[in-house]
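Model the full structure from these sequences, guided by the hints.
At position 14 of the sequence shown the residue is numbered 14 (the working numbering), and the sequence of numbers has no breaks.
These are calculated hints, taken from the structure and not from any lab test.
Misleading hints may appear alongside valid ones.
Computed beta-carbon distance windows for the label pairs [stated by the list, open to error]:
| hint | residue 1 | residue 2 | range |
| --- | --- | --- | --- |
| 1 | I52 | E84 | 42 to 52 Å |
| 2 | E23 | A50 | 29 to 39 Å |
| 3 | L66 | A91 | 32 to 42 Å |
| 4 | D81 | D56 | 36 to 46 Å |
| 5 | N34 | E74 | 25 to 35 Å |
| 6 | R7 | E49 | 17 to 27 Å |
| 7 | Q85 | R16 | 15 to 25 Å |
| 8 | I4 | A95 | 13 to 23 Å |
| 9 | G96 | A13 | 29 to 39 Å |
| 10 | D9 | A68 | 22 to 32 Å |
| 11 | W58 | E84 | 35 to 45 Å |
| 12 | A78 | F43 | 42 to 52 Å |
Heads up, simulated SDA-like pairs for lysine to any residue below, C-alpha to C-alpha not over 20 Å straight-line [as the list claims (entries may be wrong)]:
| hint | residue 1 | residue 2 |
| --- | --- | --- |
| 13 | K59 | A25 |
| 14 | K22 | D63 |
| 15 | K59 | Q30 |
| 16 | K54 | D64 |
| 17 | K54 | T28 |
| 18 | K59 | A31 |
| 19 | K22 | V60 |
| 20 | K22 | F75 |
| 21 | K59 | E23 |
| 22 | K54 | N37 |
| 23 | K54 | L72 |
| 24 | K5 | E84 |
| 25 | K22 | L66 |
| 26 | K22 | G71 |
| 27 | K59 | F75 |
| 28 | K5 | V86 |
| 29 | K54 | A31 |
| 30 | K54 | G71 |
| 31 | K22 | E49 |
| 32 | K5 | D81 |
| 33 | K59 | F43 |
| 34 | K22 | A61 |
Predicted, not measured: the structure shown is a model, and the values here were computed from it.
Virtual Cβ for every residue (Gly too), placed ideally from N, Cα, C.
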Amino acid sequence: MTEIKLRADDARANARDVRDTKETAYDTLQALRNRMNGLTDSFTGRTQEAFITKLDEWKVANDDLLAALDGLGEFLQAAADTIEQVDHDLAAQLAG
1 MTEIKLRADD
11 ARANARDVRD
21 TKETAYDTLQ
31 ALRNRMNGLT
41 DSFTGRTQEA
51 FITKLDEWKV
61 ANDDLLAALD
71 GLGEFLQAAA
81 DTIEQVDHDL
91 AAQLAG
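Following this line, the structure appears as structure tokens:
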């Protein structure tokens, strides 16, 4: 049987924290991305191609990380909403 021990306010606070962390991560990763893009001309030939390939892989991983943080924040927000709704519905049913 499932037991949910998370309070709605804790879920909301954590959702906000995840969103804030995502914004900070985005800014940091974007600055790093700009610096790395500037290095592309530091290489030529096959070395440049390899660097660009690694940079593209890194960009995909960054995008995946940011999407995962979005998903986690949305899950926690939805959990908070659901916990509050269930609490409200049960209280209304018990009140008669």
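Evaluated hints:
no.: 1; hint: I52 with E84: 42 to 52 Å; in the structure: holds (48 Å)
no.: 2; hint: E23 with A50: 29 to 39 Å; in the structure: holds (32 Å)
no.: 3; hint: L66 with A91: 32 to 42 Å; in the structure: holds (38 Å)
no.: 4; hint: D81 with D56: 36 to 46 Å; in the structure: holds (38 Å)
no.: 5; hint: N34 with E74: 25 to 35 Å; in the structure: holds (28 Å)
no.: 6; hint: R7 with E49: 17 to 27 Å; in the structure: violated (52 Å)
no.: 7; hint: Q85 with R16: 15 to 25 Å; in the structure: holds (19 Å)
no.: 8; hint: I4 with A95: 13 to 23 Å; in the structure: holds (22 Å)
no.: 9; hint: G96 with A13: 29 to 39 Å; in the structure: holds (33 Å)
no.: 10; hint: D9 with A68: 22 to 32 Å; in the structure: holds (24 Å)
no.: 11; hint: W58 with E84: 35 to 45 Å; in the structure: holds (40 Å)
no.: 12; hint: A78 with F43: 42 to 52 Å; in the structure: holds (45 Å)
no.: 13; hint: K59 with A25; in the structure: holds (13 Å)
no.: 14; hint: K22 with D63; in the structure: holds (11 Å)
no.: 15; hint: K59 with Q30; in the structure: holds (10 Å)
no.: 16; hint: K54 with D64; in the structure: holds (15 Å)
no.: 17; hint: K54 with T28; in the structure: holds (19 Å)
no.: 18; hint: K59 with A31; in the structure: holds (12 Å)
no.: 19; hint: K22 with V60; in the structure: holds (16 Å)
no.: 20; hint: K22 with F75; in the structure: holds (14 Å)
no.: 21; hint: K59 with E23; in the structure: holds (16 Å)
no.: 22; hint: K54 with N37; in the structure: holds (11 Å)
no.: 23; hint: K54 with L72; in the structure: violated (27 Å)
no.: 24; hint: K5 with E84; in the structure: holds (13 Å)
no.: 25; hint: K22 with L66; in the structure: holds (6 Å)
no.: 26; hint: K22 with G71; in the structure: holds (11 Å)
no.: 27; hint: K59 with F75; in the structure: violated (24 Å)
no.: 28; hint: K5 with V86; in the structure: holds (14 Å)
no.: 29; hint: K54 with A31; in the structure: holds (17 Å)
no.: 30; hint: K54 with G71; in the structure: violated (26 Å)
no.: 31; hint: K22 with E49; in the structure: violated (30 Å)
no.: 32; hint: K5 with D81; in the structure: holds (15 Å)
no.: 33; hint: K59 with F43; in the structure: holds (19 Å)
no.: 34; hint: K22 with A61; in the structure: holds (14 Å)
Checked against the numbered hints given earlier, the structure breaks hints 6, 23, 27, 30, 31 and satisfies all the rest.
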